[in-house]
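Asker: For the sequence shown, counting from 1, position 93 maps to 558 in our numbering; every step adds exactly one.
Derived by calculation from the structure, the hints in this document are not laboratory data. Glycine residues also receive a C-beta, built at the ideal position from the N, C-alpha and C atoms. Worth double-checking, as some hints may not be accurate.
[Claimed, not checked] Lysine-lysine pairs mimicking DSSO-like chemistry, simulated, CA-CA at most 30 Å apart:
id	residue 1	residue 2
1	Lys552	Lys588
2	Lys467	Lys485
3	Lys467	Lys488
[Stated by the list, open to error] Estimated spans, in silico, between C-beta atoms of each pair:
id	residue 1	residue 2	range
4	Ala612	Ala574	19 to 25 Å
5	Ser569	Arg542	18 to 24 Å
6	Asp578	Asp609	37 to 43 Å
7	Leu611	Ser569	18 to 24 Å
8	Glu567	Gly590	20 to 26 Å
9	Asp610	Ser489	56 to 62 Å
10	Ala595	Ile566	21 to 27 Å
11	Arg548	Leu577	29 to 35 Å
12	Ala612	Arg529	16 to 22 Å
13	Ile601	Ala570	43 to 49 Å
14	Trp565	Ala595	19 to 25 Å
15	Ala595	Arg563	14 to 20 Å
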Amino acid sequence: MKIWEPQNPAVVDELTAMWKDGKSATEIAAVFDGATRNSVIGKIHRLGLGRPRRAARASLANPRVKKPRAIRAPKPRPVAAPRPAPKPAVVIDISHARPWIERSARQCAYLLDDDRACCAAIKPGSSYCAGHHSLIYRPTSSADDLARSLRKYA
C-alpha cells in the first residue's frame, strides 16, 4: 500500500492516471493507505478532474419526431360568487373605562391601553361586553365548511 499524501506530486499523478482509467473513488482509496473515498473525491474536485463524457445514447442520436399536438382552447375560469357585504362596524362605548384594578367581575375585561379596561356590562357567558366579544371571538365553522376546505388540499 502507498501512503496517502495529497500534496505529493507522485501521488497526484497516480491518482490522476487511475481516475482517467475509469477507476472509482472507492477503488482509488483502497490503493492508498489512509485515504478515504471522500478524501479522493475532494482531491479530484480540487484538481478539476472530471469523467469524460459518454457517447450519446442511440435514442438521442436518432430522436423520434413527435407529432404536433392540437392547440386547445383555454378552459373558461369559473365565475366567483359575489362576496357578502361586510358587516357594519361595531360601535363600542368606552365611557365606562377605568383602571384594570378597579374593574369588578361583571365588567368587560378588554384592555384598552396600558392599564385601563372597558368595564361595560358583560355579555352573558363571556368576559367581555357584546362589542368586544364580537371582535375577539369568531363563529365556529360548520362541518360543511370543514369538509370543503379539506377537499381543497386533498
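Asker: So, for every hint listed, does it hold in this structure?
Answerer: Now for the hints, and whether the structure bears them out:
Taking the CA atoms of Lys552 and Lys588, the gap is about 20 Å. The hint holds against a cut of 30 Å. A distance of roughly 19 Å separates the Cα atoms of Lys467 and Lys485; the hinted pair therefore holds under the 30 Å criterion. Between Lys467 and Lys488 the alpha-carbon distance is near 17 Å, which keeps this suggested pair within the 30 Å criterion. For Ala612 paired with Ala574, a C-beta distance near 35 Å fails the hint of 19 to 25 Å.
The hinted window of 18 to 24 Å between Ser569 and Arg542 is violated, with their beta carbons roughly 56 Å apart. A C-beta distance of roughly 41 Å is found between Asp578 and Asp609, which places it inside the suggested range of 37 to 43 Å. As the Cβ distance of Leu611 to Ser569 is approximately 39 Å, the hint placing it in 18 to 24 Å is violated. Checked against the hint of 20 to 26 Å, the C-beta distance between Glu567 and Gly590 comes to roughly 24 Å, which is consistent with it.
Checked against the hint of 56 to 62 Å, the pair Asp610 and Ser489 passes, with Cβ atoms roughly 58 Å apart. Between Ala595 and Ile566 the beta carbons are some 24 Å apart, a value that agrees with the proposed interval 21 to 27 Å. A C-beta distance of roughly 31 Å is found between Arg548 and Leu577, which places it inside the suggested range of 29 to 35 Å. Distance hint for Ala612 and Arg529: a CB-CB separation of about 46 Å, inconsistent with the stated range 16 to 22 Å.
Between Ile601 and Ala570 the Cβ separation comes to about 18 Å, which falls outside the hinted range of 43 to 49 Å. For the hinted restraint 19 to 25 Å between Trp565 and Ala595, the CB-CB distance of approximately 20 Å keeps it satisfied. The supplied range of 14 to 20 Å is met by Ala595 and Arg563, whose beta-carbon atoms lie about 19 Å from each other.
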